[in-house]
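Chemist: Sequence:
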Amino acid sequence: MANEKLMKGDVMEFASNMKKLKPVYAHRCILSSRCAVFKATFAEQTQKNGTIDKDTPFVLSDMSADIFMAMLEFIYTNCVTLTPKIAIEVLATALEYGLDDLRRAAVTYGQEDLKEKVLIYIEQHTESVFKSKAFQELSEDALAEVLKIDGLGMDEAEIIKYVKEWAAVNSVVLGRPVADVAKNVIVWIRLPILTPDEIEKLEKDNKKDNIIPVELFSTAWRFHALNQPDPNNERARKRIGTQERSHHKNLNVHKFS
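Numbers 950 to 1206, taken from my numbering, label the letters of the sequence shown in order.
Incorrect hints may appear among the rest.
[What the hints assert, rightly or not] Cut-off 25 Å, straight-line C-alpha distance, at most; resulting in silico cross-link-like pairs (DMTMM-like, lysine to aspartate or glutamate):
no., residue 1, residue 2
1, Lys1198, Glu1152
2, Lys1082, Asp1050
3, Lys1110, Asp1158
4, Lys1113, Asp1154
5, Lys1198, Glu1183
6, Lys1153, Glu1193
7, Lys1082, Asp1158
8, Lys1150, Glu1164
9, Lys1080, Asp1099
[What the hints assert, rightly or not] Across the chosen pairs, the derived CB separations fall in these ranges:
no., residue 1, residue 2, range
10, Asp1049, His1196, 45 to 53 Å
11, Val1163, Glu1022, 47 to 55 Å
12, Gln996, Asn1133, 40 to 48 Å
13, Pro1145, Ala1117, 22 to 30 Å
14, Glu1114, Asn1027, 38 to 46 Å
15, Glu1089, Pro1178, 25 to 33 Å
16, Leu1044, Glu1065, 16 to 24 Å
17, Val1136, Val973, 45 to 53 Å
Worth flagging that the hints you see were computed from the coordinates, not collected in a lab.
The beta-carbon is built from N, C-alpha and C at its ideal position, and this holds for glycine as well.
My request is simple: use the sequences and hints to build the entire structure.
Modeler: The structure is reproduced here in C-alpha cells:
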C-alpha cells in the first residue's frame, strides 16, 4: 500500500540474538525426575494440550546456552564445570529451578566473589533490600555480615527497626525467644550514632523483649558522657546513609570511597 513504510530495527542486535539460539537435546523424563520446575512445566503443557509434541522445542528465552549447558551437566551427572564467568548466573539459575546441590556448588566456587558482589549490591540498594521479603529470610550470619557494612545507605534508626522486625519474624518461624534469635545480630547495630533522646526511647521500648543487650546501651551512654571519639569502638562510626546529628563531630572518622 502507498502509506506503508518498512522500518528497520538494529540488524546487528538481531544477529547477535539469533546466534544465542542453540538447540540442545535432552530427555524430558530425566529433566522431570531431577528438577521439580521442569516436571511442573511439562505437566502443565500436557494438561493444556493433552499431549507433548516431542518434536516441538522447549524454548528457554531467558537463559544463555552456557548456563543451560552447565545446568544440564549437573542434572545428568550431579557434577558441574564452573568458571568465574558463569558462576553467578549458574547460582541464580539454581535458585530459580530449585536445584539445591547446584546452588551449593556455585556458592562454594564463587563464595568470596559472590559475597563481595552481594554486599556491593546491598550498599547500592539498601532500602529496597531491607524492605524486601528476602531480608526476613536472611540467616543470622548473613545479616550480621550486612550490619558490618559502613556503606549501608540507611539511617541507623531505620536499620534498628528492620533488624527488630527480622528478629520478631524469625522468632515465630524458629520457635525461639526474640532476644535469643537476635543475640548474634543485634551486637552490630551502632547505638552511639543515635542521640541521647533516641537511645533513651530505645531503652524504654527494649523492656518489652530485651532484644538489645544492656552492654550496648552502657557503651552508648559512655560514649555520650565522654563526648570524644573512641578509636576502640567500631560501632561509633557513621554509615554512608547516616543522617547528621549534632554529636557526630565526636564519632570515629571513616572516609567512604
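Chemist: None of the hints should be skipped; say for each whether it holds.
Modeler: Verification of the supplied hints:
no., hint, verdict
1, Lys1198 <-> Glu1152, "holds, 24 Å"
2, Lys1082 <-> Asp1050, "holds, 23 Å"
3, Lys1110 <-> Asp1158, "holds, 14 Å"
4, Lys1113 <-> Asp1154, "holds, 11 Å"
5, Lys1198 <-> Glu1183, "holds, 15 Å"
6, Lys1153 <-> Glu1193, "holds, 23 Å"
7, Lys1082 <-> Asp1158, "holds, 23 Å"
8, Lys1150 <-> Glu1164, "holds, 16 Å"
9, Lys1080 <-> Asp1099, "holds, 19 Å"
10, Asp1049 <-> His1196: 45 to 53 Å, "holds, 48 Å"
11, Val1163 <-> Glu1022: 47 to 55 Å, "holds, 54 Å"
12, Gln996 <-> Asn1133: 40 to 48 Å, "holds, 47 Å"
13, Pro1145 <-> Ala1117: 22 to 30 Å, "holds, 26 Å"
14, Glu1114 <-> Asn1027: 38 to 46 Å, "holds, 39 Å"
15, Glu1089 <-> Pro1178: 25 to 33 Å, "holds, 30 Å"
16, Leu1044 <-> Glu1065: 16 to 24 Å, "holds, 18 Å"
17, Val1136 <-> Val973: 45 to 53 Å, "holds, 50 Å"
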